[in-house]
Every structure is written in C-alpha cells, then in structure tokens.
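Student: Residue numbers (the numbering used here), protein chains in the order written: chain A, 738 to 1250; chain B, 18 to 216.
I should point out that these hints are in silico values taken from the structure, not numbers from a laboratory. Check before you lean on any hint, since a few could be wrong.
Claimed, not checked - Pairwise CB distance ranges (calculated):
id, chain 1, residue 1, chain 2, residue 2, range
1, A, Thr753, B, Ser73, 29 to 39 Å
2, B, Ala49, A, Pro935, 43 to 53 Å
3, B, Leu50, A, Gly1019, 34 to 44 Å
What the hints assert, rightly or not - If we take Cβ atoms under 10 Å as the criterion, some of the chain A residues that face chain B in the derived model are:
id, residue
4, Phe930
5, Val934
6, Pro935
7, Arg962
8, Glu1090
9, Arg1169
Stated by the list, open to error - Simulated coverage check for chain B against chain A, where a stretch passes if three residues somewhere in it have a Cβ under 8 Å from a Cβ of chain A:
id, region
10, 52-59
11, 65-74
12, 80-87
13, 153-160
14, 174-180
15, 189-196
Cβ coordinates follow ideal geometry from the N, Cα and C atoms, glycine included.
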Amino acid sequence: MESLANLGDGFATVLTPINMLWVLIGALLGTAVGVLPGLGSAMAVALLLPVTFSLDPIGAFIMFAGVLFGGLFGDSISGILMNTPGNSTAIAGTIEGHKMATSGRAAQALATSAIGAFIGGIVASILVVFFAPRLAELATLFGPAEYLALAVFAFVAISAVVTESVVRGLAALAIGLAISVVGIDGISGASRFTLGVPELFDGIDIVVITVGLLALGEVFSVAARRGSRDETQLLPSTGRLWLSRRELRLAAPAWLRGTAIGIPFGIIPVGGAEVPTFLAYGTEKRLDARRRSPMFGRGAIQGVAGPEAAGNATAGTAMGALLALGLPTSATAAILLAAFRQYGLQPGPLLFERAPDLVWALLASFFVGMVVLLILNLPFAPLWAKLLKVPRHYLYAGITVFAMLGVYATSSKILDLVLVTVIGLIGFLMRRYGLPVAPMLIAIILGPLAETEFRRAMLVSENDPSILVSSGITVTLYAVLVLAVAGAAFQKIRARRRAVRLAAEPARQRDDA
Amino acid sequence: MSGVIRTVSVTRRAVVVADGFWRRRTGLIVPALMLVIGIGLVVGTVTMDVPANTASPGPQVFPAIVAALVIVLAVLLAIDVLRKPEADVVEVAQPAAPGQPDDDLVLDDEGEPQPLRPTSNHRALLGALLTVVVFIAALTPLGWLLSGALLFWGVARALGSRRPLFDILLSLAISSIVQLAFSAGLGLNLPPGVLGGIL
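Generate coordinates for the entire structure from the input sequences, incorporating the hints supplied.
Tutor: As structure tokens, then:
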C-alpha cells in the first residue's frame, strides 16, 4: 500500500490554495479549448508551455493535467449542442448525443457525457496509481534494443494502423523524422542540416514545431476555409439536468463498458482516443440492436455514455504509460513529454525515483481535476456553449498572437518566428490534403530517441544487427506489431470488397430496402 | 431563448464543375515538398563533416534511412494522388452586394449530396500569412505593443472581420494586456521597440 501513502503526499501538495488555483485554471482553459471546434488540449498545452516556464514544475504540470482532461470533458458540449464535435475524440459520442439534443434531451445528454468522462477518468487514474510503479519496474528491464522496438512500434502503429490512408500516415511520419535530425548530433558532435546557422545547432525547438503545426496551421486552414459551407446551429440546452432511474439503468453499464474498452488503449500507441471511442460506440450499438425496440438513431443515451467514458479512460492510462515508460501514445502525451523535457525531466522508470513528489502530485491532481471538471461541466455546460458565439476571427487572431508570443518568449529568436510560420504552412497543407498530424509529432519526439538507442545497441554488439531482435521483449513487440499491421490490412481489404460488392449490386440493394 | 440560434453566417453559393487535371490534383504539392526535403537530406548527409574517430554507426546512418524513407513515400504519395484525384465539383461562394448581410439566402441541396472538392480561399490565406510576415519583420524595430496589435488586427481582418476601426482599439487593448501580463507579470522579455522610452 505504498502507492496510497505516496498518493496521500501528492494530495497534500495539490490541496494548497495556489496549486488548487492552477488546477482550476487548467480545467477552465481545457474545457474552453475543448468546446471550441478545431482546438484541442494538445494545442492548449503547446501554447502554455512557453508562458508557464517561469512557474515551478509541479504547478505547471497539474495545470497541464487540468487542460488535458478539460479538453475531453469540453469537446462533447459543442458536439451535442451543435453537431460539431470539438475534437476527433468526441465524434463517436456526438452521433447519438446530437439526436438526443434535437429531441429535447440536450441536458440529459450533457450530463451523461460529463458523468461518463468522470467515471472513465477516475477508474483509469486509480489503475495508474497502482500499476504505474509496477510498469516502471518492468521498464528497467528495457535496454537500447527494447527502447528502439518500442519507438518503432509507436511509429508504425500510429501512422499505419490508425490513420485512414497508410501512405499519408507514413508520409507525415517521414516529414517528422526529417525535422528531428536537424541539429548537432549528440553522440559524435557532427553538425547536421544546420546550414551553418548557429541558431539551429540545438535543433528545432519542440515548442516551435507544436505551436506551428497545431495553432498556426489551424489558423491558416481556418483562413483558407473562410466562406465555405459551414452551417451549424446551436441548439438550446433543454430538459432535465438529472437522469431518471430508467436512464441511469441504461447509462451505468455503458459507462463501465466504455471505461473497460478505453483503458487498454492508453498503453498502446495508436494515436489517442479515436479508436476506443468508436469501439465503444459500436459495442453499444450492437447491444442495443438486440432489444425489442432499438434506441440507436433516436438519441440513445448509451451511445453518449460509452464513448465518453472510453475517451477519458484512454487519456488516463495514456498518462500512466507516459510517466512509467516515457512512451507517448497520443499527440497530447507527446507534447506533455516535451513539457517534461523543458523542465529537465525524463519520464520513464527513473522519474518515480528522481521526482516522486512531482509524479504523485500530478497523479493526485488527476483526481482533484476530475472532480473540479465534473462540477464545472455538470451544471454549467450550457454556459460553456456560449463560448461558441465569440466571433471566429477574433478567436483565431487571439490564438495567432499567443502563438507568436509564446514562440518568441521561449527563445527571443526571430528565426524561430520564421520557422513557426513555415511549419504552420506545412500544418495547413497537411490538413488540406489529409495527412494526420499525430504521426509527425510522435516522430519528432521519439525520432532522436530511436536513433540514439539504435546506435547504442549497435555499439554494444559491434555492428551485429541481430542484437535488435535478441530478447523476448523485442521479439514480442515486433510480433505484435506485425499482427496489428496484418489485421489492419485485412480489415481494410474486407471493407473495400464490401464497398465494391455494394456498388456492383445497387439494384438488389433497393429491392431489399 | 427561442428555438435556434444561428452562429455562423452562410454565403449565397452555387455548385460548379471545375474539372482540370491539375486542379483536381493540387495535392501533388505535398509529395513535391517531400521530394525537396528528401533531396536536401541526401545532400546534407553526403556533404556532412564527420569528426574523425567517430564510432560506427556514425551520424550519417539515421539521416540516410530517413532520406530514403522520405523519397520513397513522396513517390508513393504522388502515385496515390494521381490515381485518386479529388472530386471535380466545387462550391463557389458568390459575394453578396457590399453593405448587405450575406446570410439571408441559403441554397438547399436537392437530391443526393455530392462529394465536393474543398476549395481554399487564397485571399484570406495570403492575408493571414502576409500579416504574420509583416509582424515578424516589424517586431524588433516597432516593438511588441505595435506589432502585436498589427498581428491581431491583420489576422482578424483576413478571417473576415468587418469592423476595422473597432478592431484597432481591440487589438491595441489585447497587445497592451499581453505586454502587462507577460512582461511585467511573468517577466518575459518582449522587445520594446520605438515605444521603449515611453513605457
């Protein structure tokens, strides 16, 4: 029960007025960016990174935790009320949630979503408290070859298994790797791709990359979409705030099922919570189809409860994987990893020994943040929706100002401002032509790690490549990876066949209908 | 609150078929860019100054792998874009008469929804980009207060704000608040510029 004692110390750190203030600010900011479509907690943390540099690390990280979970609480609000999910993680919950809103049950949908997010997050946090230290002990068995295997796993899983177009996912990964090799090589001291510019010797700062890709890229793509079809209507939130006993009976098992689906996905690097939310949605829909009168399509409460719980459960265990293994499994986790490095901390097995006060305060802040967010979201969800009335041009102008301010504040280099603009344009092109951003971020974060571990392994073995697959852990990781890729390929081929068959027999389809 | 609140104005629009070979394949710009990056990596790797007595594998191995990856994927992506072009139908927004709100007429789709090729508003995009470039150039000589206000004003205008005078006040207010909060409050170092003596 050592974990509980440590967690108690963590609570003692968090429950001071100043740290509670950071939790509250983080929760407010996170919910706000979650509500606003196109903005996510990854971007919010990227924008906050430079301006929080003068805070102490504990204050900064518990604020980031608030932002992270706040984003997941908030993104369903605009989905339910406006049919515009605030984030890709809210798409699955929006399908039934918006139908509930159109049939006058918006308040129940919002409550279901907030409670679901709370349950998923709390259960995942409890698991992290008890199992992250075990996971960290396991990670001490990892050598260079194992870490390389982990990085390769993350690269391939995030770009090939999850994204719609494998070529586009891998292309984004390759661009990210290319950016990550700029700078002085840490092992040999050779200057690589710096063109002799001293400002580039340290490589391109992660703040520059994330702010450019996520914030400025979004601003440019909003500018390019100006005037195109965008008919969204904000429904008023009507109905009861509390759930009837019947609704609770429907929602409660869905919350738990969603949580169970979401938890394992935090540890697998598949790019965040999109996959588990859709899995939870699919599960609820299949279960519902067995009823005498299926409710899906008419605003089924389970269709909101399952995905929302799954999304937050994934985010919770993803934090565990980040802390214990140093492995980011989503874009947001990748940015948090960058944040740790800004403060000179390296997540992974040693973090629990080197900075126990920070780790346990962070874990305690998950629980505090979750309660704060439930309070902020349950009664006030309709109030948050008012944010959507802020004119879009002012909103994005403000984001641009903060993006440039943050980048300049970290380094005081004009070159960084030029770089952030160029990366912002790349971010715009990626959005326009359907390249996912997450593989690029993971590549930039894990690329240097993959290279260092690769070279270390080869040094140890004196250039014998068989060391890369010499241990049980590496073989297992690569085997699971091959299976996952084969499974994804098989599913895609089957889906394509089905589409071809449907297209070939339109007449028969019509007869059936 | 009564019924429904419309949050975003909708412009009068028509559907136009614009079927040019290149128009439907503007996505080729991404593989082209990747090819440039890949060639840059190859040149940089070959011409790299490697310190003597560097242990193998040296600093060139990983960049070489990345360069190969970038170039191969550029080719694969180009093939994908060439084989699967975007839809040939675009929607064209027809600007409303000046001074008239443009949200009064919405054309409804009839029948099946068509897949539409997304179009880019190049003027707005260029406006935003130009504002950012001007901001970067002006930051050191003019200082944060003025250039930050310019940045806010320009981006808001590019994104469709129609109140330039009000925006000037708003943007000056925002950049002043930022200067106060982050420079005086958090101790960030923002360039004072021409207003350095006054502030």
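Student: Starting from the hint list further up, note which numbers the structure goes against and sort them upward.
Tutor: 1, 2, 5, 6 and 8
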